[in-house]
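**Q** What follows is the residue order along each chain.
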Amino acid sequence: MSREKTRPEPGRGPEVIEKLVRDHTRMGILTVLSQLQSAEFLFLQSTLKLTQGNLSSHLAKLESAGLIVVLKTFEGKKPVTRLVITPLGREAIDRHWEQLEALRRIT
Amino acid sequence: MTDEFDQNLAAIRRAADVAADYKGLQGLFNVGLGVGLLFTAVPGYNGIGALFMIVITVAGHTYYVKKYGRATPQPRRNRTVIIVWFLGALLVWGGLGLDASGAAPIALGALVAAVALIGFDLVAYRHVGVTALHWALIVILALAALAPALGWLSIGLWNYSLGSIAIVLVIQGLVDHWRLTRAMEPTR
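Residue numbers (the working numbering), protein chains in the order written: chain X, 1 to 107; chain A, 1001 to 1188.
Just so you know, these hints were derived from the structure itself, not from any lab.
The structure displayed is predicted, hence computed values, not measured ones.
Heads up, none of these hints are tricks.
Capping the alpha-carbon separation at 30 Å, the derived lysine-lysine pairs in DSBU-like fashion look like this:
1) A:1066 <-> X:72
2) A:1023 <-> X:72
3) A:1023 <-> A:1067
4) X:61 <-> A:1023
5) X:78 <-> A:1066
6) X:49 <-> A:1066
7) A:1023 <-> X:77
8) X:49 <-> A:1023
9) A:1066 <-> X:77
10) X:61 <-> X:78
11) A:1023 <-> X:78
12) X:77 <-> X:61
13) X:61 <-> X:49
14) X:61 <-> A:1066
15) X:72 <-> X:19
16) A:1023 <-> A:1066
17) X:72 <-> X:49
The following block holds chain A by itself, in its conformation from the complex:
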């Protein structure tokens, strides 16, 4: 088989991988969620947080539909992603609850979110792969969760956890958006 033939096959596989993980690569959703959580972490800004979350998420959805069109995943894959996301969100919610009650000297919400992100990333990027940056973000979030044990924290654990999760989601969302736009870029 020739090099050109192999390159064509590789391009087809890449396109199919992006198609299979299209939903996961729509990073503006995570950016919206992250910005919303970031505002929610700041006392007195909860309403604005929810507003930002809705505006950015809807704008992101419209952008992807208009720019690249819709693709419906296989029902089984869709179910798996939703279940993993829901379980992850439930665990993080529990962790944040423990942070609010001050049950531990570390940010349990952020720690649980780091674990949940491992599961989510492995499912959402099953075909395109989890990048080194995604793994680095998970490690940074886990380390950030342990940092309050050093005793320098001046804000509440709940706010700290939520803020850390939010920043990671925004960065991850921007990376995914960049991956998707690069993959869909027309050939020159």
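So that you can see chain X by itself, here it is in the shape it has in the complex:
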């Protein structure tokens, strides 16, 4: 039996999103998620080598900006957190990588 809960995503301005994405941990989270349909919390923690608290705080910021969706489900009695990148998040991370590549070409 599994219950699913999706939190709503309040919108944010483009400058705020850009500032959020610029942080390299959040950039890592979005880049990893952009390669996948979804990932569990533990997977992101392992691939990006983050502590639970650190990852949680970054995810909360990304979620409140509407860049990711956090899905909380239960497998039996065990809670499982899955993360999915939103189209806005994908667009933001793609644009950020493009800007970095452009900057690299200039320098």
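Mind docking chain A on chain X? Use the hints.
**A** What follows is chain A alone, placed relative to chain X:
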């Protein structure tokens, strides 16, 4: 851009590459398949082979889920990997059939498996890359497939093909498992 900044970007790219190829890097699946095939290649051990295959594969799946969590690939990528794997398995099955009938003096099953592995490796490790060891294993398997033409083979071609494929799968699986655990290792 500073060196530290570049290093951070490289680390992010590496993490994303591992995430994209996560399924392919779960080497214990190939180890299970290889051990199972190895037993199947030995006459009278078919049942044990299937049992080993199931036990190791299930244990591998549980290990990866508990240790690193689940990641669902993009549907399109998933489809491509499944199609390539299925076509490869079908070709190898055909090759093994020809080995059983003794249609050629070489191990056709192993030869076809070497070709199928090229396709599979290029798809499964599209982001993390095919290592020199993976290429070496393919070459060794192809050469092993030609070896029966020298005439020294004392077992059936079918068993020889299956055994060669199995050994390559076990080694490849162990290498992939090592790559994944190394990539996921916490920083000290």
